[in-house]
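**Student:** Next come the chains, spelled out residue by residue.
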Amino acid sequence: MSDAATQKNAAEQLEAFLQRVPYVRFLGMRAELAGDEMTAILPFQPHLVGNTHIPALHGGVIGAFLEMTALAQLSVTQASTRVHKTIDVTIEYLRPGRAMTTYARADLRKVGRRVANVHVEAWQEARSAPVAALRGHFLLAGD
Amino acid sequence: MSLDRDALAQIGHHMATTVPQAAALGFRFVSAGDGRGTIEVPWREDLVGDPDTGVIAGGVVTSLLDHTCGLAITSAARTEPFSTATLDLRIDYMRPAAPRAGVTAQAHCYKLTRSIAFVRAQAWDLDPDDPIATVQAAFVVNRAPSA
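Chains as they are written, first to last, in my numbering: chain X, 1 to 143; chain C, 144 to 290.
The reader is advised that the hints may include incorrect statements.
As the list claims (entries may be wrong) - Below, computed lysine to aspartate or glutamate pairings styled on EDC-like, alpha-carbon distance capped at 20 Å: (1) K110(X) - E125(X); (2) K254(C) - D272(C); (3) K110(X) - E15(X); (4) K110(X) - D88(X); (5) K85(X) - D177(C); (6) K8(X) - D189(C); (7) K8(X) - E121(X); (8) K110(X) - E121(X); (9) K85(X) - D195(C); (10) K254(C) - D177(C); (11) K85(X) - D189(C).
None of these hints come from the bench; they were simulated from the model.
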């Protein structure tokens, strides 16, 4: 396959994943591809708030966004007609998620035959000041 | 001020229904007491994570578990709600929930210091003895100055 065709394929797989999963739409999550590098984007919405005093995003929302970022990245590189399954995740909260757009990128540390190890980092104003990080294992769906 | 069970239930109900993310997911308060808290989330079409099976998304369970841990901390502290911030959350997913099934989570705050809460939790769909996910978490506790 040509590079252009591979790129188009990746974009289609990503879009298919984002469109197919109802919960992705509930979060309002989007993603952009630059080559094989994907950036997930979570625009701020009032229903994502967990603490109205700060206000801050719900910890569960940040965790969910990191997990969906890992699954979206896997949908691009490990194409499958089915959704990969989360085995375990460890989420580290570094800073409050403010009422603004959050970004995340996934790093596929190791993709084996059945299991992938993925690290994800999320940030808001500056990439160098992450709000949260995730390390997780995912069971790859066969076709 | 020490809370009795009724006051705790009132706070639990408030936590499960007025926090915007909790309200958006449709959380329902079940019980609170003795350092424990239980909250459920009914199944809904727009919360599905796997369209092939209709199973609720892991992200919904993550929010539910995080929220239930907060309720357990309030239950352990027996004081008016104070703010907590999640430090880390480790979730093991044993199996997917049953298709079109809601999820219930119960958390236990087994150690609470002045500034840190240690919490274990589990989530199930039909049978508490057959969990879909277990959690180990740590939280920073921001107490009111008078507490």
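**Student:** Would you mind marking each hint as holding or not holding in the structure?
**Tutor:** Status of each hint after checking the structure:
Distance hint between K110(X) and E125(X) is unfulfilled; the C-alpha atoms sit about 29 Å from each other, more than 20 Å. Restraint check for K254(C) and D272(C): not satisfied, since their Cα atoms lie roughly 23 Å apart, outside the 20 Å limit. Our distance criterion of 20 Å between C-alpha atoms is broken by K110(X) and E15(X), whose separation comes to about 24 Å. Distance check on the hinted pair: K110(X) and D88(X) sit about 15 Å apart at the alpha-carbon level, within 20 Å; holds.
For the proposed pair K85(X) and D177(C), the alpha carbon gap of about 34 Å is over 20 Å, so the pair is violated. Taken as a hint, the K8(X) and D189(C) pair is broken in the structure, with Cα atoms around 28 Å apart against an allowance of 20 Å. Straight-line distance between C-alpha atoms of K8(X) and E121(X) comes to about 25 Å, which puts the hinted pair past the 20 Å bound. Between the alpha carbons of K110(X) and E121(X) the distance comes to roughly 16 Å, so the proposed pair stays at or under 20 Å and holds.
Between K85(X) and D195(C) the CA atoms are separated by roughly 13 Å; this keeps the pair inside 20 Å, and the hint holds. Taking the CA atoms of K254(C) and D177(C), the gap is near 12 Å; set against the 20 Å cutoff, the hint holds. With a C-alpha separation of about 19 Å, the suggested pair K85(X) and D189(C) falls inside the 20 Å cut-off, and the hint holds.
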